[in-house]
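Use the sequences and the hints to build the structure in full.
Quick note: the sequence shown uses the UniProt record's numbering, first residue 1, plus one each step.
Bear in mind the hints are in silico, worked out from the structure with no lab data behind them. Don't be surprised by glycine CBs; every beta carbon is placed ideally from N, CA and C. Check each hint, because a few of them may be wrong.
[To be verified] Okay, the calculated beta carbon distance ranges per label pair:
| # | residue 1 | residue 2 | range |
| --- | --- | --- | --- |
| 1 | Leu86 | Gln315 | 27 to 33 Å |
| 2 | Trp167 | Leu97 | 44 to 50 Å |
| 3 | Leu86 | Glu323 | 21 to 27 Å |
[What the hints assert, rightly or not] Pairs of lysine-lysine residues, derived as BS3-like cross-links and limited to a Cα-Cα distance of at most 25 Å, are as follows:
| # | residue 1 | residue 2 |
| --- | --- | --- |
| 4 | Lys52 | Lys3 |
| 5 | Lys141 | Lys210 |
| 6 | Lys38 | Lys3 |
| 7 | Lys141 | Lys377 |
| 8 | Lys213 | Lys269 |
| 9 | Lys210 | Lys269 |
| 10 | Lys141 | Lys3 |
| 11 | Lys52 | Lys38 |
| 12 | Lys69 | Lys141 |
| 13 | Lys133 | Lys77 |
| 14 | Lys3 | Lys69 |
| 15 | Lys79 | Lys377 |
| 16 | Lys133 | Lys377 |
| 17 | Lys69 | Lys79 |
| 18 | Lys79 | Lys133 |
| 19 | Lys77 | Lys377 |
| 20 | Lys213 | Lys141 |
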Amino acid sequence: MLKLLAIYSILIGSAVSIFRYSWFPAAAYSLNAVMQPKYIWRFEWPDLPISKLLAICSILAWGIAFAQKRMDLNVYKSKQVIALVLIWGLMHLSDTLSPYQNYSAGTSSHIVLGTLNTIVIMFIVQIGILSDKDQYRNAAKVMAGVYIFLALYYVYWANDQYLSYNWAQFFQGRLMGPYQGPYDDANSASTLLVMAMPFMLFAYFYVDNKIFKYGILAAVPLLWHALFLFGSRGAFLGLGVSTIVAVFMLQGSMKSLPKIKPWQIRMFKFILIFGLAVAVIDQGGAMLNRSATTVSAAQQEERDEPLNPRLVSWQAALGIIAEYPALGAGPQRFQWAARDLNLGTPHVAHNTLLNFTANTGVFVGGLFLFILWTSFKSYFQCNNNNVAADPLLDYLNKACTCSLVAYCVCGTFLDLIIYEPFFFVLLLIVFKNHMVNNLNLTTSKEPEAQPKANPKLFRNQIDSRLF
Numbered sequence: 001m002l003k004l005l006a007i008y009s010i011l012i013g014s015a016v017s018i019f020r021y022s023w024f025p026a027a028a029y030s031l032n033a034v035m036q037p038k039y040i041w042r043f044e045w046p047d048l049p050i051s052k053l054l055a056i057c058s059i060l061a062w063g064i065a066f067a068q069k070r071m072d073l074n075v076y077k078s079k080q081v082i083a084l085v086l087i088w089g090l091m092h093l094s095d096t097l098s099p100y101q102n103y104s105a106g107t108s109s110h111i112v113l114g115t116l117n118t119i120v121i122m123f124i125v126q127i128g129i130l131s132d133k134d135q136y137r138n139a140a141k142v143m144a145g146v147y148i149f150l151a152l153y154y155v156y157w158a159n160d161q162y163l164s165y166n167w168a169q170f171f172q173g174r175l176m177g178p179y180q181g182p183y184d185d186a187n188s189a190s191t192l193l194v195m196a197m198p199f200m201l202f203a204y205f206y207v208d209n210k211i212f213k214y215g216i217l218a219a220v221p222l223l224w225h226a227l228f229l230f231g232s233r234g235a236f237l238g239l240g241v242s243t244i245v246a247v248f249m250l251q252g253s254m255k256s257l258p259k260i261k262p263w264q265i266r267m268f269k270f271i272l273i274f275g276l277a278v279a280v281i282d283q284g285g286a287m288l289n290r291s292a293t294t295v296s297a298a299q300q301e302e303r304d305e306p307l308n309p310r311l312v313s314w315q316a317a318l319g320i321i322a323e324y325p326a327l328g329a330g331p332q333r334f335q336w337a338a339r340d341l342n343l344g345t346p347h348v349a350h351n352t353l354l355n356f357t358a359n360t361g362v363f364v365g366g367l368f369l370f371i372l373w374t375s376f377k378s379y380f381q382c383n384n385n386n387v388a389a390d391p392l393l394d395y396l397n398k399a400c401t402c403s404l405v406a407y408c409v410c411g412t413f414l415d416l417i418i419y420e421p422f423f424f425v426l427l428l429i430v431f432k433n434h435m436v437n438n439l440n441l442t443t444s445k446e447p448e449a450q451p452k453a454n455p456k457l458f459r460n461q462i463d464s465r466l467f
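As structure tokens, then:
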């Protein structure tokens, strides 16, 4: 009953806020798109097209904001937005001109491109809504809160499957995501949590509410435990790398966090690294056993069998790229092209960049790298533009960059092309960059270097006869 009440409340709130608070339907759409709650609350989900209704509310909010001239159209000149639109068009062109018009795949290119259409169109709608400088603070808080909330819910869901002995949700000792959902694979579910963790970690330093601060901190070990249940080695590598990046960011954050004592940051970093190390030592044996089992299985089979299928997939991807460099083999044609070119029988590319490039060409792969490069570069550009003067944007700058690091590490071993959390983080990066470039963040980076005010200065400039 509470779940239905929450769903209808969000729908009604999105409908009534399109005139004044246009960021609300955008945030509600992101919550539904990234979380995909209908696969979690399968039996309680109402028989309504919730996603379409939220999309309609967002589009109406975009139109009203445009009519009221509350939208800054310069946001569409962002390099990431332009590159994303070019990728969108080139993927459709690759599908049209593919050398494999007759093929079979588990998921057809029409379904994948249809999903991409929705993602890109709503990305354009949402970034336009979020470009309103007068409402950016509320929008930033809610959008960041969306990711923290859905991550906490997935942490709760994963631990609940274990504590309630729901072994039907496990396969070969690993917890699987919600059935038939976008995160039904343990690897994709793990990546969602790893990408969300920086938003939780940095919130501890940027949120004043103590209940929220320590509640978030207490949830971190539960997130680690959820990752152990999913058992994704790539996700743990992403967790380790993004945690190290977060530690280095905190090292240079003293000037932007005046309320935090130096010893608090040092203690936090120690607890974070020490706790993660203890968790890996205590629970990491299961993943080591998986590696040992893989080696043993390979030793018992024929010598020409590959030890790691990812190596075969990567070699096949390089072969497809060499054969069809311009537009690739076509979306969802990786397996078909690999067999046709006698490159083995890999099911997927096991690498996001190689999947982009092999399926849709080097131009799409190059644009994907361009998006990543400009997004990472924007972190330093925002720092140079004194983003520390605005704690909210500074928080987004750090959290989004660390989240993108986690995505890149996980994407090295997984196919994360049509992956909603990535596009959500990219949306926040473009939003953050636009605000930093258009707000007057002129507060000095070094407050102690500012001259002290002279109380007599103004008085001395006035005629002494008045006193």
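Hint by hint, here is what the structure shows:
About 28 Å separates the C-beta atoms of Leu86 and Gln315, a value consistent with the hinted range of 27 to 33 Å. Roughly 48 Å separates the CB atoms of Trp167 and Leu97, a value that falls within the hinted 44 to 50 Å. At roughly 23 Å, the beta carbons of Leu86 and Glu323 sit within the given window of 21 to 27 Å. For the given pair, Lys52 sits about 19 Å from Lys3 by alpha-carbon distance, which is consistent with the 25 Å threshold.
Restraint check for Lys141 and Lys210: satisfied, since their Cα atoms lie roughly 17 Å apart, inside the 25 Å limit. Taking the CA atoms of Lys38 and Lys3, the gap is near 11 Å; set against the 25 Å cutoff, the hint holds. With a C-alpha separation of about 23 Å, the suggested pair Lys141 and Lys377 falls inside the 25 Å cut-off, and the hint holds. With a C-alpha separation of about 15 Å, the suggested pairing of Lys213 with Lys269 holds against the 25 Å cut-off.
Between Lys210 and Lys269, the direct Cα distance comes to roughly 19 Å. Compliance with the 25 Å bound is thereby established for this hinted pair. Taken as a hint, the Lys141 and Lys3 pair is honoured in the structure, with Cα atoms around 23 Å apart against an allowance of 25 Å. The hinted pair formed by Lys52 and Lys38 meets the criterion: a straight-line CA distance of about 13 Å does not exceed 25 Å. A C-alpha spacing of about 23 Å is found between Lys69 and Lys141, which places the hinted pair at or below 25 Å, so the restraint holds.
Annotation: proposed proximity of Lys133 to Lys77 holds, straight-line Cα distance about 16 Å (limit 25 Å). The straight-line distance between the Cα atoms of Lys3 and Lys69 is roughly 36 Å, outside the 25 Å bound, and the hint therefore fails. Our distance criterion of 25 Å between C-alpha atoms is met by Lys79 and Lys377, whose separation comes to about 12 Å. Our distance criterion of 25 Å between C-alpha atoms is met by Lys133 and Lys377, whose separation comes to about 23 Å.
Proposed proximity of Lys69 and Lys79 is supported: the alpha carbons are some 23 Å apart, at most 25 Å. At most 25 Å may separate the alpha-carbon atoms for a hinted pair to count; Lys79 and Lys133 meet this at roughly 20 Å. Note on Lys77 and Lys377: the hinted pairing holds, with a Cα-Cα distance of about 17 Å set against a maximum of 25 Å. Among the hinted pairs, Lys213 with Lys141 is consistent with the structure: their alpha-carbon atoms are about 15 Å apart, no more than 25 Å.
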